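Q: Protein sequence lines correspond, in order, to chains U and P.
The first sequence runs 1 to 336 under full-length UniProt numbering.
The second sequence runs 1 to 336 under full-length UniProt numbering.
Hints are not guaranteed to be accurate.
Unchecked claim - Dumping the calculated SDA-like pairs for lysine to any residue here, alpha-carbon to alpha-carbon at most 25 Å:
hint	chain 1	residue 1	chain 2	residue 2
1	U	144	P	296
2	U	285	U	295
3	U	144	P	142
4	U	285	U	16
5	P	144	U	203
6	P	144	U	259
7	P	285	P	271
8	U	285	U	259
9	P	334	P	142
10	P	334	P	146
11	P	144	U	26
12	P	144	U	166
13	U	334	U	26
14	U	203	U	26
15	P	285	U	269
16	U	285	U	166
17	P	144	U	273
18	P	203	U	259
19	P	285	U	240
20	U	334	U	306
Unchecked claim - Below, a sample of chain P positions facing chain U; criterion: calculated Cβ distance under 8 Å:
hint	residue
21	258
22	265
23	276
24	278
For the record, the hints were derived by calculation from the structure and aren't laboratory data.
This structure is a prediction, so every number in the text was calculated from the model and none was measured.
For glycine and all other residues, C-beta sits at the position ideal for the given N, C-alpha and C.
Protein chains: 2
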Amino acid sequence: MIANRRFTLVARPQGLPCESDFRLTQEPAPTIGEGEFLVRNHYASIDPAIRGWLEPGGNYMEPVALGDAVRASTIGIVEQSNNPAFPLGQWVMGLNKIEFYSVGRADGFTHPIDVSAVPSPTAYLSVAGAVGLTAWFGVEEVMKPVAGQTLLVSGAAGAVGSLIGQLARRRGARVVGIAGGPEKCAKLTGRYHYDAAIDYRGKDADALGAAIAEACPDGVDFVYENVGGVCLDAALMNINTGALVVICGLISEYNSAPYGTRNVWQLLVKTATMRGYLLTQYLDKFPEGARAMADLVAQGAIVYDEHIEEGIDNALSSMLRLFEGSNQGKMILKLT
Amino acid sequence: MIANRRFTLVARPQGLPCESDFRLTQEPAPTIGEGEFLVRNHYASIDPAIRGWLEPGGNYMEPVALGDAVRASTIGIVEQSNNPAFPLGQWVMGLNKIEFYSVGRADGFTHPIDVSAVPSPTAYLSVAGAVGLTAWFGVEEVMKPVAGQTLLVSGAAGAVGSLIGQLARRRGARVVGIAGGPEKCAKLTGRYHYDAAIDYRGKDADALGAAIAEACPDGVDFVYENVGGVCLDAALMNINTGALVVICGLISEYNSAPYGTRNVWQLLVKTATMRGYLLTQYLDKFPEGARAMADLVAQGAIVYDEHIEEGIDNALSSMLRLFEGSNQGKMILKLT
Chain U
1 MIANRRFTLV ARPQGLPCES DFRLTQEPAP TIGEGEFLVR NHYASIDPAI RGWLEPGGNY
61 MEPVALGDAV RASTIGIVEQ SNNPAFPLGQ WVMGLNKIEF YSVGRADGFT HPIDVSAVPS
121 PTAYLSVAGA VGLTAWFGVE EVMKPVAGQT LLVSGAAGAV GSLIGQLARR RGARVVGIAG
181 GPEKCAKLTG RYHYDAAIDY RGKDADALGA AIAEACPDGV DFVYENVGGV CLDAALMNIN
241 TGALVVICGL ISEYNSAPYG TRNVWQLLVK TATMRGYLLT QYLDKFPEGA RAMADLVAQG
301 AIVYDEHIEE GIDNALSSML RLFEGSNQGK MILKLT
Chain P
1 MIANRRFTLV ARPQGLPCES DFRLTQEPAP TIGEGEFLVR NHYASIDPAI RGWLEPGGNY
61 MEPVALGDAV RASTIGIVEQ SNNPAFPLGQ WVMGLNKIEF YSVGRADGFT HPIDVSAVPS
121 PTAYLSVAGA VGLTAWFGVE EVMKPVAGQT LLVSGAAGAV GSLIGQLARR RGARVVGIAG
181 GPEKCAKLTG RYHYDAAIDY RGKDADALGA AIAEACPDGV DFVYENVGGV CLDAALMNIN
241 TGALVVICGL ISEYNSAPYG TRNVWQLLVK TATMRGYLLT QYLDKFPEGA RAMADLVAQG
301 AIVYDEHIEE GIDNALSSML RLFEGSNQGK MILKLT
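Whenever a hint applies, use it, and build me the whole structure from the sequences.
A: Below you can see the structure in the form of structure tokens.
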């Protein structure tokens, strides 16, 4: 019998997820039916979005059921197969769960990946995967910044933020990043090619707003928001007329009572637009975006970082790193 | 000497404007220079936007200076003229002040109006003026709702809101209005052709959200927000995927400490858009919009209401009516 270790939800988190919300369970690996294949997951993508899926309402996807393993994008290798398109040994990527074994179906999200085309298979969970595509479409489809415009990014040292800055700067925009702490800020300007970096730590909305004003003397034409809360309020106070505020994430708000955004009125007086952006809005352009990002990586035109933790027993601590901001790149869990 | 009575700002309001913030002053009527003309203002439009102009920052226009009369749209008659395009006796409309006499210039905002084309000159401050144009472009350019879609309007019994409902319903949309008190709600469905009305009084955001959910069983595709605060938060909890939230006004927030909007996260999970809308965005289409609204009024296809108070000494009380919601139609001050 093959043992399937699973990171299982047993209680819905109240605020920050904690040990008692999950259990590491072990059960027999699933058996596959006609047309199906068995994937041994090797890496799971630990994303802020997972927190939303643990809520009773689920947030834009079905909630993870109590007693089921936690949903995540994974990459792995086909170990059993009743489907010739998914032969044994094939690397695949899919929206699966944080568990050793998942069943794949031809009509599901799982698809083969070419690990020879990237420096490491994990690239499919970072720059060559959803993170890279999110940044690509965020810059090239949603915002389209040009020279002379200023783009402000919160969570700028994060997986998506670090790419947004580089992609927007390639288009000629001035990019200013917000991150937590001097080390991350140094990384923004030193490694990710941001024009300026702002440390949000120790600043309330007014102080952060003043710091943005100083770093963006011509105002802000685009806000790419990964954080929300105080960051969004401070950003709103600095938008130019006709600005676009893209809400990609609100990680500061996921584990706490709702933050009240005070400066929505700025949208009115600046005739500005704020829009929610999910990668799934550009599903039809995925191949094009994936090619573009792969080319940039192959050319060495963009840098990216991965933070890989080992062991399914570190699933929770990896998730918590996202919320405390202690990850140094795209958070990935190796399911050894 | 002609006496010019003026509603003059002497202190910046803290919260709700009060008597000590203004003074009725009297000075000689201004003299006109080359190409200029003197307008005797007969009616002033009392708009929520005036409150923003009293702030030190001004909000999308220069702030009203301390010691100057309060800015407002007015209609009046040319009484002296050094400009043949503006002969004596000509009715004109312009962005002037709450004062008996204003100086007009050919290159200013002031333009002749044809009072014979409307039931009353005051129509140029309501249905045939900025209010009517705001509703027209809001429906026909910003939202463009169609049959099968649901449009939610706050401040629905107000000057703009009462027209939004009628215009959207002409396009086949289902329109649901929020207003304060049973009388206004009865007016929404009885007079302004709303499909359903919701009384916001006595409801917190959760209760109002539940009432919206009941009145909008298919969710909300468009929110036309005039009120903000609890209304906006409750509306956000009911938006459909891809919804458009139009911020036209936030009257509930103008006189108080900033309200914190809790449900901005809904924009993300619903990939929705929220945009600020000012009439000035459609300046180039004004003639077309004005013709369309004039035709609808002439056909009796839309109804509208004006609430006219008499006397410049009632300027403040008229303004306060807007914030307490005790006006019964477009608030207009007759400057007798």
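Q: Within a Cα-Cα threshold of 25 Å, do residue 285(P) and residue 240(U) meet the stated pairing?
A: Status holds; Cα separation ~23 Å.
Q: Given the hinted pair residue 144(P) and residue 259(U), is their alpha-carbon gap at most 25 Å?
A: Roughly 32 Å between the alpha carbons, so the hint for residue 144(P) and residue 259(U) is violated.
Q: Please work out if residue 203(U) and residue 26(U) have their alpha carbons no farther apart than 25 Å.
A: Violated, because 45 Å separates the two Cα atoms, which is more than 25 Å.
Q: Are the Cα atoms of residue 285(U) and residue 16(U) separated by 25 Å or less?
A: Roughly 35 Å separates the two Cα atoms, so the pair is violated.
Q: Taken at face value, is the distance from the CA of residue 142(P) to the CA of residue 144(U) at most 25 Å?
A: Measuring from Cα to Cα gives roughly 22 Å; hence the hint holds.
Q: Holds or violated: residue 334(U) with residue 306(U), Cα cutoff 25 Å?
A: holds (12 Å)
Q: Tell me if the straight-line CA distance from residue 144(P) to residue 203(U) falls inside 25 Å.
A: violated (42 Å)
Q: Classify the hint on residue 278(P) as holds or violated, based on whether any CB of chain U lies nearer than 8 Å to its CB.
A: Holds. Min distance 5 Å.
Q: Quick check on the hint: residue 258(P) CB to chain U CB, less than 8 Å?
A: For residue 258(P), the interface hint holds, since the closest Cβ of chain U sits about 4 Å away, which is under 8 Å.
Q: Starting from residue 144(P), check that the Cα of residue 166(U) is at most 25 Å away, please.
A: violated (37 Å)
Q: Is it true that the CA of residue 203(P) sits at most 25 Å from the CA of residue 259(U)?
A: holds (20 Å)
Q: Return the status of the interface hint for residue 276(P): holds when the least beta-carbon distance to chain U is below 8 Å, violated otherwise.
A: It holds, given that the least Cβ distance between residue 276(P) and chain U is near 4 Å, below 8 Å.
Hint check: violations occur at hints 1, 4, 5, 6, 7, 8, 9, 10, 11, 12 and 14; the rest are consistent with the structure.
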